[in-house]
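Here the protein sequences come in this chain order: A and B. All letters in the first sequence, in the order written, are residues 4 to 197 by my numbering. All letters in the second sequence, in the order written, are residues 2 to 468 by my numbering.
None of these hints come from the bench; they were simulated from the model. It is possible that some hints are incorrect.
[Stated by the list, open to error] If you want a taste of the chain B side facing chain A, the calculated C-beta under 10 angstroms gives, among others:
| hint | residue |
| --- | --- |
| 1 | 47 |
| 2 | 51 |
| 3 | 84 |
| 4 | 151 |
| 5 | 163 |
| 6 | 300 |
| 7 | 369 |
| 8 | 434 |
[Said to hold, decoys possible] With a cut-off of at most 27 angstroms between alpha-carbon atoms, the simulated DSSO-like pairs for lysine-lysine come out as follows:
| hint | chain 1 | residue 1 | chain 2 | residue 2 |
| --- | --- | --- | --- | --- |
| 9 | B | 170 | B | 283 |
| 10 | A | 38 | B | 52 |
| 11 | B | 170 | A | 58 |
[Unchecked claim] Here are the computed distance ranges between Cβ atoms for each label pair:
| hint | chain 1 | residue 1 | chain 2 | residue 2 | range |
| --- | --- | --- | --- | --- | --- |
| 12 | B | 290 | A | 39 | 51 to 59 angstroms |
| 13 | B | 184 | A | 135 | 50 to 58 angstroms |
| 14 | A | 162 | B | 286 | 29 to 37 angstroms |
| 15 | A | 191 | B | 104 | 22 to 30 angstroms |
| 16 | A | 187 | B | 95 | 25 to 33 angstroms |
| 17 | B | 51 | A | 160 | 30 to 38 angstroms |
| 18 | B | 315 | A | 166 | 32 to 40 angstroms |
| 19 | A | 187 | B | 22 | 49 to 57 angstroms |
| 20 | B | 315 | A | 160 | 25 to 33 angstroms |
| 21 | A | 125 | B | 392 | 54 to 62 angstroms |
| 22 | B | 95 | A | 162 | 34 to 42 angstroms |
| 23 | A | 135 | B | 315 | 40 to 48 angstroms |
For every residue, glycine included, the Cβ atom is placed at its ideal position computed from N, Cα and C.
Listed below, chain by chain, are the residues.
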Amino acid sequence: MKFISKFSSRTVVMPTTDIDTDQIIPARFLTTTSKEGLGRYVFHDLRFNADGSEKQNFVLNTPAAQGCGILVGGHNFGCGSSREHAPWALLDYGIRAVVSTAIADIFKTNSLKNGLIPVVVDQVTHETLLQNPGMELTIDLEARSLTLANGRSVEFPVGGFARYCLLAGIDQLGYLQQHLNSIARFEESRSWTP
Amino acid sequence: MNQRKTLFDKVWNDHIVVAETADTPAVLYIDLHIIHEVTTPQAFSVLRDHKLPVRRPDLVLATLDHSTPTTPVSTFKDLAVVSEGALNQISQMEKNCAEFGIDLLGFDSANRGIVHVIGPELGATQPGKTIVCGDSHTSTHGAFGALAFGIGTTEVGHVLATQSLLQRKPKTFAINVDGTLPAGVTAKDLILAIIGMIGVDGGTGHVIEYRGDAITALDMEARMTICNMSIEAGARAGMIAPDATTYEYLNGLPRAPQADEWDAAVSRWRELCTDEGARFDKAITISATDLQPMVTFGTNPGMVVGINDAVPDNLSDPSFRKALDYMQIEVGKPMTGYDIDIVFIGSCTNSRLSDLQQAADVVAGRKIADGVRMLVVPGSQQIKKAAEDLGLDKIFMQAGAEWRESGCSMCIGMNGDTAGKGQLTVSTSNRNFEGRQGVGARTILASPMTAAASAIAGKVADPREYL
Ligand code: SF4
Chain A
4 MKFISKFSSR
14 TVVMPTTDID
24 TDQIIPARFL
34 TTTSKEGLGR
44 YVFHDLRFNA
54 DGSEKQNFVL
64 NTPAAQGCGI
74 LVGGHNFGCG
84 SSREHAPWAL
94 LDYGIRAVVS
104 TAIADIFKTN
114 SLKNGLIPVV
124 VDQVTHETLL
134 QNPGMELTID
144 LEARSLTLAN
154 GRSVEFPVGG
164 FARYCLLAGI
174 DQLGYLQQHL
184 NSIARFEESR
194 SWTP
Chain B
2 MNQRKTLFDK
12 VWNDHIVVAE
22 TADTPAVLYI
32 DLHIIHEVTT
42 PQAFSVLRDH
52 KLPVRRPDLV
62 LATLDHSTPT
72 TPVSTFKDLA
82 VVSEGALNQI
92 SQMEKNCAEF
102 GIDLLGFDSA
112 NRGIVHVIGP
122 ELGATQPGKT
132 IVCGDSHTST
142 HGAFGALAFG
152 IGTTEVGHVL
162 ATQSLLQRKP
172 KTFAINVDGT
182 LPAGVTAKDL
192 ILAIIGMIGV
202 DGGTGHVIEY
212 RGDAITALDM
222 EARMTICNMS
232 IEAGARAGMI
242 APDATTYEYL
252 NGLPRAPQAD
262 EWDAAVSRWR
272 ELCTDEGARF
282 DKAITISATD
292 LQPMVTFGTN
302 PGMVVGINDA
312 VPDNLSDPSF
322 RKALDYMQIE
332 VGKPMTGYDI
342 DIVFIGSCTN
352 SRLSDLQQAA
362 DVVAGRKIAD
372 GVRMLVVPGS
382 QQIKKAAEDL
392 GLDKIFMQAG
402 AEWRESGCSM
412 CIGMNGDTAG
422 KGQLTVSTSN
432 RNFEGRQGVG
442 ARTILASPMT
452 AAASAIAGKV
462 ADPREYL
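Using the sequences and the hints, build the whole thing.
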């Protein structure tokens with residue numbers, strides 16, 4: 004995966020609070036052994052009718068939402084399960100960043116491991132974004148900044164290490180492996196064994 | 002400097018391989034890694050791509066639960082797996098475990114069951130351990146004073162390869178529960194009440210420690226129910242300090258410390274309590290004494306109400322309205338007025354022997370209401386057998402319920418056990434999210450007693466009328 008640290012895109016807005024991972028990708032689509040191609044299941048039951056046709060009024064199906072790479076969600080986005088399929092599906096669909104006032108812990112960790120940027124913003128900024136769907140935003144991971152269409156910039160918190168790994172193209176597994184000697188020493192020095 | 006530590010601090014400190022710095026997270030050692038068929042295939046692929054072995058196959062506990070069928074069968078060869086995908090996932094798991102030297106508690110194992118049921122049941126879950134699994138309800142194991150949390154598939158790969166994880170230290174949150182739970186009110190009602198109080202994001206970024214008289218009075222199975230749902234409050238993990246109840250539960254279990262190791266383990270475990278005067282980042286105190294059976298009315302576990310109370314009004318919040326629309330529930334009326342279609346007793350929240358016993362006590366000698374389907378799915382094959390030894394299977398079947406093989410079943414609806422569109426289910430599981438139990442399915446979370454009483458009544462019912 005080639006990670007691009009700074010990009011601009013329009014927003015698609017889903018103001019509902021507590022958008023959970025079962026909505027992002029329903030469990031019955033988790034019977035896969037690969038990470039690929041999950042985009043077609045993203046928000047499946049909100050997007051499609053039982054006969055497979057698109058639900059006209061669901062925001063992702065509207066013409067304005069096509070090509071939008073930034074999803075603005077309601078408070079507490081991504082709560083629920085630990086399924087990494089949620090960020091995999093969003094990325095595969097073309098979403099590159101998720102913006103909310105709060106993003107659930109495991110979802111955030113999973114997202115950063117895959118290059119989906121979780122952007123937590125203050126309420127005022129969030130309100131502006133909710134009220135202006137389709138706004139063109141610029142997200143700069145290196146600068147930790149989100150820039151609105153009017154030029155106003157806000158900083159967002161993002162774990163320094165996860166950010167560094169993404170920017171430098173460092174694989175976290177490789178980083179952990181560099182510590183294998185310490186891990187072995189730790190195992191030997193313990194007063195008890197699991 | 003404050004030397005007094007919380008239970009969490011002690012377990013955390015004991016597992017630091019490399020300390021965290023401003024720039025880098027800690028390398029945290031993992032004592033027990035539980036894996037299942039759904040969140041691991043992509044992690045094994047990474048190992049294969051990098052030509053890496055599993056570092057400590059002896060610290061991995063593997064089973065099949067999520068997409069496995071629970072339909073009763075005479076031999077496991079007859080199992081009807083729901084889809085090609087599920088079947089592929091199961092055979093992948095068998096192949097991965099064989100190739101990487103991991104012992105799999107598979108279809109033919111008497112110890113198979115839901116990940117968070119078998120860890121404790123086998124004695125693999127122990128105080129002071131760090132435990133992870135690619136499933137958010139790993140918080141269950143915190144009931145033993147372990148630090149246990151759910152991880153994603155990338156992290157499953159990290160643990161398989163290095164037995165370690167990169168972690169930032171979370172904050173701590175003390176929830177003190179005073180008083181005593183009244184009759185007919187269970188641990189499930191308590192945790193639902195707590196989530197209703199602090200909200201589904203109330204624990205975000207924190208590890209909760211449940212403390213106080215009402216908590217120490219609980220048996221291990223009830224403590225697991227509490228810790229299980231910590232994630233529904235957004236918490237990283239939930240913990241309860243180990244005590245005599247914990248040691249008694251573990252003593253003699255196959256994977257618990259044996260004979261001469263036992264005493265040393267218990268004296269180590271005795272240290273695992275929060276020191277007097279240690280500081281938490283956040284704390285609340287509630288009383289258990291006034292609680293009543295709780296049921297959810299919306300589409301997250303925080304939308305919860307006392308069984309006889311009117312569904313509250315919060316119609317200025319569009320998400321609240323959307324949830325009630327989906328549930329077809331009206332404000333101002335109690336939940337007891339709604340007819341139900343299905344009752345599900347099961348899941349890692351409430352599928353242990355005491356849960357089944359409580360439900361059986363309610364249905365014994367009674368019949369399930371016409372038109373209601375009731376599924377009872379034990380959490381493990383061991384529990385299934387223990388329940389059958391007590392005759393609980395007969396009690397359920399005589400009442401008209403279905404008695405199943407163990408697995409996740411209708412908790413997640415991946416194995417073919419689902420509710421239909423619009424059907425209303427009273428479920429002892431942990432998530433009432435839209436579509437969790439099937440497309441368009443509506444879920445009410447409740448205790449095993451409330452679920453069983455509802456099956457008899459044919460509508461949401463107060464279990465205290467059936468005691
Ligand atoms: S019973 Fe439900 S919550 Fe528990 S492990 Fe299975 S799917 Fe996850």
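Quick rundown of the hints versus the structure:
| no. | hint | result |
| --- | --- | --- |
| 1 | 47 | 7 angstroms, holds |
| 2 | 51 | 7 angstroms, holds |
| 3 | 84 | 6 angstroms, holds |
| 4 | 151 | 4 angstroms, holds |
| 5 | 163 | 5 angstroms, holds |
| 6 | 300 | 8 angstroms, holds |
| 7 | 369 | 27 angstroms, violated |
| 8 | 434 | 4 angstroms, holds |
| 9 | B/170 <-> B/283 | 15 angstroms, holds |
| 10 | A/38 <-> B/52 | 19 angstroms, holds |
| 11 | B/170 <-> A/58 | 43 angstroms, violated |
| 12 | B/290 <-> A/39: 51 to 59 angstroms | 54 angstroms, holds |
| 13 | B/184 <-> A/135: 50 to 58 angstroms | 54 angstroms, holds |
| 14 | A/162 <-> B/286: 29 to 37 angstroms | 32 angstroms, holds |
| 15 | A/191 <-> B/104: 22 to 30 angstroms | 24 angstroms, holds |
| 16 | A/187 <-> B/95: 25 to 33 angstroms | 30 angstroms, holds |
| 17 | B/51 <-> A/160: 30 to 38 angstroms | 31 angstroms, holds |
| 18 | B/315 <-> A/166: 32 to 40 angstroms | 37 angstroms, holds |
| 19 | A/187 <-> B/22: 49 to 57 angstroms | 21 angstroms, violated |
| 20 | B/315 <-> A/160: 25 to 33 angstroms | 29 angstroms, holds |
| 21 | A/125 <-> B/392: 54 to 62 angstroms | 59 angstroms, holds |
| 22 | B/95 <-> A/162: 34 to 42 angstroms | 36 angstroms, holds |
| 23 | A/135 <-> B/315: 40 to 48 angstroms | 26 angstroms, violated |
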